[in-house]
Amino acid sequence: MREKSTTIYLGPQHPGITGNMMVKLQLEGDTIVKAQTHVGYLHRAFEKLIERRNWMQTTTILCRFCVPEPDPPEAAFALAVEQIEGREVPERGKYLRSLVLELARIQSFLLWYAGQSGSAGLYTVGQWSVGDRNYVLDLFEELTGGRIYHMYIWPGGVRRDIPVGFKDKVLRTMDYIEKRIDDYDRMIFDSAIFQKRAQGVGIINKEKAIEWGVVGAPLRGCGIAHDVRKDNPYDAYDKLDFQMGVFEGGDVWARAKVRQFEIRQSISMVRQIIQNLPAGDFLNKMPNPMKWTIPAGSAYGKVESVRGEFGFHVVSDGSDKPRRVHARGPAYVHGVSLLEDILVGENLADVSFIMNSLGVCPPEIER
Amino acid sequence: MKTSFIKEELLFQQLATAFENVVIEIVRKETVFVYASKEFVLPILLYAKEKLGYNSFSHLSCVDWIENDEFELVYIIWSPETKINLFVKTRIDRQNPTMENTDMIWRQINTYQREIREMFGIEFPGFVGEKEFILEDWEDVPPMRRDFDTLEYVNDTFFEREGREDKQDVRERIAKRSGEEIPDFAKKYSRE
Numbered sequence: 368m369r370e371k372s373t374t375i376y377l378g379p380q381h382p383g384i385t386g387n388m389m390v391k392l393q394l395e396g397d398t399i400v401k402a403q404t405h406v407g408y409l410h411r412a413f414e415k416l417i418e419r420r421n422w423m424q425t426t427t428i429l430c431r432f433c434v435p436e437p438d439p440p441e442a443a444f445a446l447a448v449e450q451i452e453g454r455e456v457p458e459r460g461k462y463l464r465s466l467v468l469e470l471a472r473i474q475s476f477l478l479w480y481a482g483q484s485g486s487a488g489l490y491t492v493g494q495w496s497v498g499d500r501n502y503v504l505d506l507f508e509e510l511t512g513g514r515i516y517h518m519y520i521w522p523g524g525v526r527r528d529i530p531v532g533f534k535d536k537v538l539r540t541m542d543y544i545e546k547r548i549d550d551y552d553r554m555i556f557d558s559a560i561f562q563k564r565a566q567g568v569g570i571i572n573k574e575k576a577i578e579w580g581v582v583g584a585p586l587r588g589c590g591i592a593h594d595v596r597k598d599n600p601y602d603a604y605d606k607l608d609f610q611m612g613v614f615e616g617g618d619v620w621a622r623a624k625v626r627q628f629e630i631r632q633s634i635s636m637v638r639q640i641i642q643n644l645p646a647g648d649f650l651n652k653m654p655n656p657m658k659w660t661i662p663a664g665s666a667y668g669k670v671e672s673v674r675g676e677f678g679f680h681v682v683s684d685g686s687d688k689p690r691r692v693h694a695r696g697p698a699y700v701h702g703v704s705l706l707e708d709i710l711v712g713e714n715l716a717d718v719s720f721i722m723n724s725l726g727v728c729p730p731e732i733e734r
Numbered sequence: 315m316k317t318s319f320i321k322e323e324l325l326f327q328q329l330a331t332a333f334e335n336v337v338i339e340i341v342r343k344e345t346v347f348v349y350a351s352k353e354f355v356l357p358i359l360l361y362a363k364e365k366l367g368y369n370s371f372s373h374l375s376c377v378d379w380i381e382n383d384e385f386e387l388v389y390i391i392w393s394p395e396t397k398i399n400l401f402v403k404t405r406i407d408r409q410n411p412t413m414e415n416t417d418m419i420w421r422q423i424n425t426y427q428r429e430i431r432e433m434f435g436i437e438f439p440g441f442v443g444e445k446e447f448i449l450e451d452w453e454d455v456p457p458m459r460r461d462f463d464t465l466e467y468v469n470d471t472f473f474e475r476e477g478r479e480d481k482q483d484v485r486e487r488i489a490k491r492s493g494e495e496i497p498d499f500a501k502k503y504s505r506e
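Protein sequence lines correspond, in order, to chains X and L. Just so we're on the same page, our numbering is the position in the first sequence counted from 1, plus 367. Just so we're on the same page, our numbering is the position in the second sequence counted from 1, plus 314.
This is chain L alone, in the form it adopts within the complex:
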């Protein structure tokens, strides 16, 4: 099946020749994944940009794999010639999350790193960017981490408006007023 992926195979060969310690996978048409340890990410991105023509940076994303105690950083770059989306993936330690700063390659990475630093608590040594991005005076667990408990945060932070302490369900009030009964399937969403 892989034989029909001619341009993907070519990219596979180019990357496999240049980097020995990486795992390359042709996932589907116009999508190639490269799994590398974090010290190889910068060289791969630079090589792809300078030598292979992947000059368009699409995305930097972070995924919290809490069960493995790791964060996964995903750099997605694109080439106007081959039209392939190249994913460069790396896993970093969740307890000491640091990653090399890459915003000198594409300046838009600056914004992504600001967000990831704030939302996941990953540090990028040498990175210059305003500390706060979306949140303000945030001192809790970085909120996009899987162990951030949203319900606990809401219960601790917000309160019922005065006069609403009884947490009366609006639907129950309507039911009382109209004389109609709340259907059984909807009762499980009731606050009581």
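So here's chain X without its partners, still in its complex pose:
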């Protein structure tokens, strides 16, 4: 007997979807035969807003491009503006930027632990890791004044220096997180449920990864060693000792292994930064921020976020407002046509699981 195909709409509100977006699925039994993504529920016209704001006001909008990872957009924009303007960043500013970017990676990894394990039905780790993430957010609050949105990285450096006693707090928090991720790993990677759910699911092969422009952990999970921090080092990354997590397989399991490896690398980098933090200025001050103009020109600034390369194409016409700021987030590549392609043949229950492993972030797709 031939099975009748069914169409279901997953989202825009769904606990397994990583934001407000919809995936229209055509199913035969519970196997997906066609998937169609639909975004547009979170369009806030940031890029249009930026055209009406001055350069300084822009920095308050950028961090809202992606809620789980607000720092990489700030850094990518700052790099692009510095390229156009030729503004040098003091050494201490570079180190502090890398510190914030690595702490941001750690908090984002902890959020990923929750999403990835929760979508496999392993809810305990999610409760733990989101709770532990608050200790990293406490550090952000002390350093920048904000828990989620920091607006800390400015073109020319960072907004303020570290407070007294901050280094010790960072090191203590890192010791705690490092101890805790051993527990998470036992709960997730040693779990038969997770192994069975993750292995051989959501496969992206090498050729497809290059053709589709896959970045970040999904690319390194295909066995391709590419990381913006290594390939085009920015801030203090050329002075830090770290390795890329490269695993073969291209499935959800390989992508999880990459992240399992890289959270430890991030912790190690945070320690290196704290130990080697140079003295001196942290900001190469711009003139009056409300009258600040950038010479005409364009640049592409890119950084490595947890989900992959995050870039901004910034165009200046020489005025006090950006002419164009166009974002390229990893979700833009992973979350639309690639997702439609790799969901075909997968099981309905694995949709959220695969989306989490690709790092699909709808606010970044439609901005």
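In short, the hints are calculated from the structure, not lab data. Errors might be hidden in some of the hints.
[As the list claims (entries may be wrong)] No farther apart than 27 Å at their CA atoms in a straight line, the calculated lysine-lysine pairs in the DSS-like style are these:
1) K573(X) <-> K401(X)
2) K688(X) <-> K501(L)
3) K352(L) <-> K397(L)
4) K501(L) <-> K658(X)
5) K365(L) <-> K575(X)
6) K401(X) <-> K415(X)
7) K573(X) <-> K397(L)
8) K415(X) <-> K688(X)
9) K490(L) <-> K597(X)
10) K573(X) <-> K501(L)
11) K401(X) <-> K403(L)
12) K365(L) <-> K597(X)
13) K688(X) <-> K403(L)
14) K445(L) <-> K575(X)
15) K321(L) <-> K597(X)
16) K652(X) <-> K352(L)
Start from chain X and add chain L according to the hints.
Just chain L now, with coordinates in the frame of chain X:
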């Protein structure tokens, strides 16, 4: 100064030899711009990908230069060997905006073209992709064009919630309640 840019100079030579009618500029370290007319974009992208190893596509962006009556399309590609960001820039007529479809070279261009078609109204003949991407039932001027008036759109589309027609300023209400005065610098943002 250019002499220190060895790999950028090499790329300059390779592109200048292969294409005569393009302008190449070494802008800064690891950034090279190529300005070309629109019929050369596809050959340049293909040549860069197949012969020069620029196999990673980073970005496709569009800029509205309304004062020149042109749109600028910017293709940014990257090579894992040279680590150079190569910008291929072209300008197209704003009144009849069409551009060659390039999503057969890198499939992710599909998403970018969908967005640019919707946000700037640029057509890519031969391009297959869902018509709607972010917007729904949009019939106005494509919203990322510079001549789209956001204030006019907001005034035409949205309305004050019932009971809020007087557009009372929240700060004025607070000031009235607390007895404090609104400082002078903040008065210019007042709705009155």
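Unmet hints by their number, sorted upward, for this structure: 6, 9, 10, 11 and 16
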